[in-house]
Amino acid sequence: MSDVKLLKGNEVIAEAAIRCGCDGYFGYPITPQSEVMETLMERAPWNTTGMVVLQAESEVAAINMVYGGACCGKKVMTSSSSPGVSLKQEGISYLCGAELPCLIVNVQRGGPGLGTIQPSQADYFQTVKGGGHGDYKLIVLAPNSVQEMNDFVDLGFELSFKYRVPAMILSDGMIGQMMEKVTLSPKKPRRTEEEIIKEDGDWATTGKTADREQNVITSLALKAEEQEATNLRLQAKYKEIQENEVRYETYKADDAEYLLVAFGSCSRICSKTVDTAREDGIKLGMIRPITLFPFPTKQIKEFAKQVKGFMTVEMNAGQMVEDVRLAVNGEKPVEFYGRFGGIIPSPEEIRVALEKQLFNK
Amino acid sequence: MDVKEIIAKGDLVYEKTKVLTDKEMHYCPGCTHGTVHKAIAEVIEEMGIQEKTIGISPVGCSVFAYEYLHIDWQQAAHGRAPALATATKRLMPEKYVFTYQGDGDIASIGCAEAIHACNRGENILMIFINNGIYGMTGGQMAPTTLDGMKTATSPTGRTVEQNGYTLDLTKMIAPLPGVCYVARHSADTAAATRKLKRALKKGFENSMKNKGTSFVEVISTCNSGWKMSPVAANEWMRENMFPVFPLGTIKDE
Ligand SMILES: Cc1ncc(C[n+]2csc(CCOP(=O)(O)OP(=O)(O)O)c2C)c(N)n1
Ligand code: SF4
Ligand SMILES: [Mg+2]
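Those protein sequences? They're chains U and C, same order as listed. Mapping the first sequence onto the UniProt record's numbering, position 216 (from 1) lands on 216, and the numbers just tick up by one. Mapping the second sequence onto the UniProt record's numbering, position 128 (from 1) lands on 128, and the numbers just tick up by one.
Simulated from the structure, these hints should not be mistaken for lab results. Incorrect hints may have been included.
Calculated Cβ distances over 10 angstroms to all of chain C for the following chain U residues [stated by the list, open to error]:
#1 S34
#2 V76
#3 K162
#4 E240
With a Cα cut of at most 30 angstroms, we get these calculated DSS-like pairs of lysine-lysine [to be verified]:
#5 C:K195 <-> C:K251
#6 U:K332 <-> U:K298
#7 U:K188 <-> U:K252
#8 U:K129 <-> U:K298
#9 U:K239 <-> U:K223
#10 U:K129 <-> U:K5
#11 U:K237 <-> U:K188
#12 C:K18 <-> U:K223
#13 C:K211 <-> C:K38
#14 U:K223 <-> C:K251
#15 U:K301 <-> U:K223
#16 U:K252 <-> U:K223
#17 C:K18 <-> U:K198
#18 U:K223 <-> C:K23
#19 U:K198 <-> C:K251
#20 U:K223 <-> C:K211
#21 U:K237 <-> U:K5
#22 U:K272 <-> U:K356
Where is the CB? At the ideal position from N, CA and C, for every residue including glycine.
Chain U extracted, bound-state conformation (with noise of 0.2 angstroms):
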């Protein structure tokens, strides 16, 4: 049987947990990425692979329940959508605290507040700045398309593992809602009782046995050399992420005297602007940042010696574009384009933006 398919995002959120060996899913209902649960519900993995799936009665709680299973080494993971992410900051934050790795996808939808089902990539700040108290950073990966969703639920789960920091799917409500073909990753077996022994058996609550110390998961410190400790710990495992894990790409970007900066759903429009300015012979090209931390900086800071400016196109009022600037640093004009509320940007409108905002000025 062929593993190429025709699914919709949030679908293969779903089929890629259950493949790459994914011991839990825990979540609650929230438009518009509900099909990740159903789609689980659906395909019960507890009776083929073993895998726990539940409904939690909150994100609170849901959060929560990841939090449980990574302490037990397991692979545990959650989906929600904006206000629901917002509800789960108290446990990313302890899952931060505690070390623990785990897979969180956010299917953004428009805020604050209810705001609306539409996409909306307003979550940026939220998800790359911390949303939920303490200093800590979350591996984020920024998914464009369909297959991406399938891919960055293994990768997700492989760099949580490998820093013990939680790995965040940043997505949106137009990834998660469109189909596409997809190539299905390989199957791959949950961890077996052993396996997680062998492996993360020197921290995960697996049972005090004789042969070991007991294993504490907490992010308790009451004595402050202790929490600067752990914090310089989270420092040092964040500097090294920043190092070897920066994930990004180029489009038309090698002679380009312009450049489009876009993350996400905005990247697909962004590379249709990129292909009618070509065509009536602007330079223009676009640097996709995938993951959003660590964020591309170095890269961005070698464009600015290459190019005339940048423009940021978000579905927001401007977030990403402060780490822009921050990589440009003053040597080029980086504009801004975003459109928010749950509409999506046309490629004609970002490329009147940049009539008026770069080319012109």
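Once you've looked at the hints, dock chain C with the ligands against the given chain U.
Below, chain C with the ligands without anything else, positioned relative to chain U:
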């Protein structure tokens, strides 16, 4: 000199359970938490389940329970222990999983997680330390604070007009079909603690029988928060709390 050098092996009638660590407890003298910790540790030892037991500690004075019981522990956010326990038990069904929570933790901020874990009939043991006050944060009012009781946030005494009624969470939980065992005990005398231990044992045993949730409340003292001597606190508890929260087995199916 080690105690074993003084007492010959054959004469030894009582020994501290090895499931309790040798760390000095941070609890105030007279606090019920320490007694209940010991009861749990002894039950774990007697059942021989130290290697298979995962504890979930709360936010409250007993946040550090992991310092004293020599088993694997997860430290939960305030009120969320039942959610952690849910996932842990479902992902590792062969383990004995229990939560340990204060009244603020379980009956206030974590009320939803507690009720839903019970309603799903999670195969866990939930231990509820009801001292009628927020011990850790300095003696503020809890949902379980008795009417008229003075606390830091009800300095002239709790009133129905201002705060509503004293919450009996255990009574709310008992009718849920997901719950197989509900009992309310104390730990103020040796006899009471022995009864508590039997209840805890039953709860642990139930969790391996796929019968649903076991829920054991311990009516407790917080002599510091109540601003009483340990002896006076125990007397006050018997006089004032036992009538509102009567002891006994409420459900056993
Ligand atoms: C989200 C959150 N809110 C508030 C607190 C502060 N806090 C710590 S312990 C506690 C109350 C604990 O009372 P209880 O559960 O009755 O436990 P006790 O100390 O009495 O055993 C509170 C409000 C916190 N740590 N986290
Ligand atoms: S404050 Fe109260 S609950 Fe906390 S240790 Fe002291 S007596 Fe026990
Ligand atoms: Mg209390």
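These are the hints, each one checked on the structure:
1. For S34 of chain U, the condition that its CB be more than 10 angstroms from all CB atoms of chain C holds, with the nearest at approximately 19 angstroms.
2. The Cβ of V76 of chain U does not lie farther than 10 angstroms from every Cβ of chain C; its closest approach is about 7 angstroms, which violates its non-interface assignment.
3. With a cut of 10 angstroms on Cβ distances, K162 of chain U stays outside the contact zone with chain C, its closest approach being about 21 angstroms.
4. Every CB of chain C lies more than 10 angstroms from the CB of E240 of chain U, the least distance being 26 angstroms, so the non-interface label holds.
5. About 15 angstroms separates the Cα atoms of K195 of chain C and K251 of chain C, which keeps this hinted pair within 30 angstroms; it holds.
6. This hinted pair checks out: K332 of chain U and K298 of chain U have alpha carbons roughly 15 angstroms apart, not beyond 30 angstroms.
7. With a C-alpha separation of about 36 angstroms, the suggested pairing of K188 of chain U with K252 of chain U is violated against the 30 angstroms cut-off.
8. For the suggested pair K129 of chain U and K298 of chain U, the alpha carbons sit about 18 angstroms apart, so the restraint of at most 30 angstroms is met.
9. Proximity of K239 of chain U to K223 of chain U is assessed by CA-CA distance (about 25 angstroms); at most 30 angstroms being required, the pair is judged to hold.
10. This hinted pair does not check out: K129 of chain U and K5 of chain U have alpha carbons roughly 36 angstroms apart, beyond 30 angstroms.
11. Taking the CA atoms of K237 of chain U and K188 of chain U, the gap is near 27 angstroms; set against the 30 angstroms cutoff, the hint holds.
12. Note on K18 of chain C and K223 of chain U: the hinted pairing holds, with a Cα-Cα distance of about 27 angstroms set against a maximum of 30 angstroms.
13. Between K211 of chain C and K38 of chain C, the direct Cα distance comes to roughly 26 angstroms. Compliance with the 30 angstroms bound is thereby established for this hinted pair.
14. For the hint pairing K223 of chain U with K251 of chain C, the CA-to-CA distance comes to about 43 angstroms; that exceeds 30 angstroms, so the pair is violated.
15. Taking the CA atoms of K301 of chain U and K223 of chain U, the gap is near 40 angstroms; set against the 30 angstroms cutoff, the hint is violated.
16. For the hint pairing K252 of chain U with K223 of chain U, the CA-to-CA distance comes to about 53 angstroms; that exceeds 30 angstroms, so the pair is violated.
17. This hinted pair checks out: K18 of chain C and K198 of chain U have alpha carbons roughly 26 angstroms apart, not beyond 30 angstroms.
18. Between the alpha carbons of K223 of chain U and K23 of chain C the distance comes to roughly 17 angstroms, so the proposed pair stays at or under 30 angstroms and holds.
19. With a CA separation close to 42 angstroms, the supplied pair K198 of chain U and K251 of chain C exceeds the 30 angstroms bound.
20. With a CA separation close to 42 angstroms, the supplied pair K223 of chain U and K211 of chain C exceeds the 30 angstroms bound.
21. Between K237 of chain U and K5 of chain U the alpha-carbon distance is near 37 angstroms, which puts this suggested pair outside the 30 angstroms criterion.
22. Simply put, K272 of chain U and K356 of chain U have alpha-carbon atoms about 18 angstroms apart, close enough for the 30 angstroms limit, and the pair holds.
Of the numbered hints stated above, those contradicted by the structure are hints 2, 7, 10, 14, 15, 16, 19, 20, 21, listed in ascending order.
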